[in-house]
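K.L.:
Protein chains in written order, with the working numbering: chain A, 2 to 134; chain B, -4 to 120.
Rather than coming from a laboratory, the hints here were simulated on the basis of the structure.
Nothing here was measured: the structure is a model prediction, and the numbers come from that model.
A hint or two may mislead.
[As the list claims (entries may be wrong)] Here are the computed lysine to any residue pairs in the SDA-like style, where the Cα-Cα straight-line distance is at most 25 Å:
{"hint": "1", "chain 1": "A", "residue 1": "K110", "chain 2": "B", "residue 2": "M74"}
{"hint": "2", "chain 1": "B", "residue 1": "K39", "chain 2": "A", "residue 2": "T115"}
{"hint": "3", "chain 1": "A", "residue 1": "K110", "chain 2": "B", "residue 2": "T65"}
{"hint": "4", "chain 1": "B", "residue 1": "K39", "chain 2": "A", "residue 2": "E66"}
{"hint": "5", "chain 1": "A", "residue 1": "K49", "chain 2": "B", "residue 2": "K39"}
{"hint": "6", "chain 1": "B", "residue 1": "K106", "chain 2": "B", "residue 2": "G120"}
{"hint": "7", "chain 1": "B", "residue 1": "K39", "chain 2": "A", "residue 2": "L100"}
{"hint": "8", "chain 1": "A", "residue 1": "K77", "chain 2": "B", "residue 2": "V58"}
{"hint": "9", "chain 1": "B", "residue 1": "K62", "chain 2": "A", "residue 2": "D61"}
{"hint": "10", "chain 1": "A", "residue 1": "K49", "chain 2": "A", "residue 2": "D61"}
{"hint": "11", "chain 1": "A", "residue 1": "K110", "chain 2": "B", "residue 2": "T28"}
{"hint": "12", "chain 1": "B", "residue 1": "K62", "chain 2": "A", "residue 2": "V42"}
{"hint": "13", "chain 1": "A", "residue 1": "K77", "chain 2": "B", "residue 2": "A89"}
{"hint": "14", "chain 1": "A", "residue 1": "K77", "chain 2": "B", "residue 2": "P72"}
{"hint": "15", "chain 1": "A", "residue 1": "K110", "chain 2": "B", "residue 2": "V17"}
{"hint": "16", "chain 1": "A", "residue 1": "K110", "chain 2": "B", "residue 2": "V20"}
{"hint": "17", "chain 1": "A", "residue 1": "K77", "chain 2": "B", "residue 2": "E81"}
[What the hints assert, rightly or not] Computed footprint of chain B on chain A, listed as stretches where at least three residues anywhere in the stretch have a Cβ under 8 Å from a Cβ of chain B:
{"hint": "18", "stretch": "52 to 60"}
{"hint": "19", "stretch": "87 to 93"}
Yeah, the Cβ is synthetic: ideal placement off N, Cα and C, and Gly gets one too.
As a plain string of letters, each chain reads:
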Amino acid sequence: MRAYLNTINNPWRVFDELVSEFPYDLFNNAWRTRTGYSPRVNVWESDKGVAVEAEVAGIDPDKLEVAVDANVLTLKGEKERADGSRNEFQRSFNLPFELDNEGIKATVKNGMLTVLIPRKAAAEKRKIAIEKL
Amino acid sequence: MSLIKKNEPEVQKMNRQEVTPVSRVDETDDAFTLTLELPGVTEKDIDLSLEERTLSVTAENTVETFKDYTLVLSEIPEMRYRAAFELPERVDTAGIKAAHKNGLLILTLPKREEVKPRRIAITAG
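Here chain A stands alone, though its shape is the one from the complex:
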């Protein structure tokens, strides 16, 4: 319903979304899974790591879950809808580098979730000695 209303307010939204997704999907190999409702996000990248902002107004922070597996970041949660029914959502982002799941920092303020995750330090290059037989 929300997506539908937003489309009425801004008929170009569908087009904008396609355009905004396109280069990222193509060059950074990002994929998402959407199950009905899912919050909108802004994703930032740097050589330090990744920063994600998500709109989570009205979602109990205890019902939010942030998980990292290698280079995949997953946001999970549950939102109570107007009719009292519960709506689970899950969104995943495939990032072009591995993340350090020890250093995650997540905060919620004014209905915005901010997640900061550092890049995993690259494993040191090891030179393998070749034995001469």
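For this one, chain A is given, so just place chain B on it according to the hints.
P.N.:
Coordinates of chain B only, in the frame set by chain A:
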């Protein structure tokens, strides 16, 4: 104010996309509760006003920017939330209360005494 004299931040303020916030109304015996979703909006950026029986809400969100980071996926624009509600006669406008919690603006609109449901005692004749 002439358009030419506007500085950059003012122009950006004008260019904000205007949206209607997601809202819902609940009813109890004593009051109506109007809940509006305003993610990314701080209290000072909410403007709430009542004119006659029209309750108007305007709010602007703040989109965080991260220094030294590049925005690679952008779904949250800078927006101006705008909504107006025509309150029914049953609402006691003097008793309206507003609370801001977890990105929600929760308005309590108490009902006027005379419209609250009440039990009528039956006296034995």
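K.L.:
Hint by hint, note whether the structure agrees.
P.N.:
Status of each hint after checking the structure:
1. Of the pairs offered as hints, the one joining A:K110 and B:M74 holds, with about 18 Å between alpha carbons and a cut-off of 25 Å not exceeded.
2. This hinted pair checks out: B:K39 and A:T115 have alpha carbons roughly 20 Å apart, not beyond 25 Å.
3. Pair hint A:K110 plus B:T65 holds up; C-alpha atoms about 22 Å apart against a cutoff of 25 Å.
4. Our distance criterion of 25 Å between C-alpha atoms is broken by B:K39 and A:E66, whose separation comes to about 29 Å.
5. As the CA atoms of A:K49 and B:K39 are separated by approximately 33 Å, the hinted pair breaks the 25 Å bound.
6. Annotation: proposed proximity of B:K106 to B:G120 is violated, straight-line Cα distance about 33 Å (limit 25 Å).
7. Taking the CA atoms of B:K39 and A:L100, the gap is about 36 Å. The hint is violated against a cut of 25 Å.
8. For a cut-off of 25 Å, the pair hint linking A:K77 to B:V58 stands: about 22 Å separates their Cα positions.
9. Using a Cα cut-off of 25 Å, the hinted pair B:K62 and A:D61 is violated, with the two alpha carbons roughly 29 Å apart.
10. Under the criterion of a C-alpha separation no larger than 25 Å, the hint pairing A:K49 with A:D61 is inconsistent with the structure, at around 29 Å.
11. Distance check on the hinted pair: A:K110 and B:T28 sit about 23 Å apart at the alpha-carbon level, within 25 Å; holds.
12. Taking the CA atoms of B:K62 and A:V42, the gap is near 18 Å; set against the 25 Å cutoff, the hint holds.
13. Between A:K77 and B:A89 the CA atoms are separated by roughly 41 Å; this puts the pair beyond 25 Å, and the hint is violated.
14. Restraint check for A:K77 and B:P72: satisfied, since their Cα atoms lie roughly 22 Å apart, inside the 25 Å limit.
15. The straight-line distance between the Cα atoms of A:K110 and B:V17 is roughly 18 Å, inside the 25 Å bound, and the hint therefore holds.
16. Distance hint between A:K110 and B:V20 is fulfilled; the C-alpha atoms sit about 24 Å from each other, no more than 25 Å.
17. A C-alpha spacing of about 37 Å is found between A:K77 and B:E81, which places the hinted pair above 25 Å, so the restraint is violated.
18. Counting residues of the stretch 52 to 60 of chain A whose beta carbon lies closer than 8 Å to any beta carbon of chain B gives 7, which meets the minimum of three for the stated coverage.
19. Here the stretch 87 to 93 of chain A counts 0 residues with a CB under 8 Å from a CB of chain B, which misses the bar of 3, and the coverage is violated.
When each numbered hint is compared with the structure, violations occur for hints 4, 5, 6, 7, 9, 10, 13, 17 and 19.
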